[in-house]
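Colleague: Given next are the chains, with one letter for each unit.
Number of protein chains: 2
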Amino acid sequence: MKNYELTGRIWLSKDGETILGSGKVTLLQHIEKFGSLRRAASEMKMSYRKAWYSIKQINLIASEPVVVLQRGGKDGGKAFLTKFGTQLLQDFSQQQLAFQEFLNTQNKH
Amino acid sequence: MKNYELTGRIWLSKDGETILGSGKVTLLQHIEKFGSLRRAASEMKMSYRKAWYSIKQINLIASEPVVVLQRGGKDGGKAFLTKFGTQLLQDFSQQQLAFQEFLNTQNKH
Numbered sequence: 010m011k012n013y014e015l016t017g018r019i020w021l022s023k024d025g026e027t028i029l030g031s032g033k034v035t036l037l038q039h040i041e042k043f044g045s046l047r048r049a050a051s052e053m054k055m056s057y058r059k060a061w062y063s064i065k066q067i068n069l070i071a072s073e074p075v076v077v078l079q080r081g082g083k084d085g086g087k088a089f090l091t092k093f094g095t096q097l098l099q100d101f102s103q104q105q106l107a108f109q110e111f112l113n114t115q116n117k118h
Numbered sequence: 010m011k012n013y014e015l016t017g018r019i020w021l022s023k024d025g026e027t028i029l030g031s032g033k034v035t036l037l038q039h040i041e042k043f044g045s046l047r048r049a050a051s052e053m054k055m056s057y058r059k060a061w062y063s064i065k066q067i068n069l070i071a072s073e074p075v076v077v078l079q080r081g082g083k084d085g086g087k088a089f090l091t092k093f094g095t096q097l098l099q100d101f102s103q104q105q106l107a108f109q110e111f112l113n114t115q116n117k118h
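Read top to bottom, the protein sequences are chains D and Z. First residue of the first sequence? That's 10 in the numbering used here, and the numbers climb one at a time after it. First residue of the second sequence? That's 10 in the numbering used here, and the numbers climb one at a time after it.
Here chain D stands alone, though its shape is the one from the complex (with noise of 0.2 angstroms):
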């Protein structure tokens, strides 16, 4: 319909649990880029805390670790994401481009 738009969002879950939605796909793509949680946090105006805490849940949830924390060093430790992660980052990222494009289609009727 004129004027109208269709939105939505849509998010991964394991066992009825959320696991990655918008918001953390963009932390995850933080670490990747910068290999610190501290920074990718700041990128985002995301408390550190909040941060450490959306990557604890994703990994407990998954089925195995997504992110990997090490402590110390000048730059006070640094993340990076485990191969299971970047495929899962990848495949999150991909139904994301497809749900735009659904939405663009519904968009255009």
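Keep in mind that the hints are not guaranteed to be accurate.
It does not matter which identical chain is used: a pair holds within one copy or between any two.
[Said to hold, decoys possible] Result set (BS3-like, lysine-lysine): computed pairs, CA atoms no more than 30 angstroms apart in a straight line:
#	residue 1	residue 2
1	117	65
2	87	117
3	11	59
No wet-lab data here; the hints were simulated from the structure.
Add chain Z to chain D, keeping to what the hints say.
Modeller: Below, chain Z alone, put in the same frame as chain D:
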């Protein structure tokens, strides 16, 4: 990915304001079925006040009336969808089906 399920929600908005989501769609379907806002609300275990407010909100945001509320009568008033409202409900219901298909396809991968 195995054991992971993609889920989501869609809603219809106009000028950035939500007009229809899954809850309001159910309310409209019940109004269509029972011809009464009180009955529709009661079937959904929703307060009459909340249902009434939802309808006012839909009518306010939509480009033309979606539901007509008629006061009085022994059943305490009637409610029915306008032609435009019927079309809106039908379109959105089809979009919900298409979205469900989208999710099913994604979850088969």
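Colleague: Hint by hint, note whether the structure agrees.
Modeller: Structure-based check of each hint:
no.	hint	result
1	117 to 65	between (40 angstroms within a copy, 28 angstroms between copies)
2	87 to 117	neither (45 angstroms within a copy, 35 angstroms between copies)
3	11 to 59	between (40 angstroms within a copy, 28 angstroms between copies)
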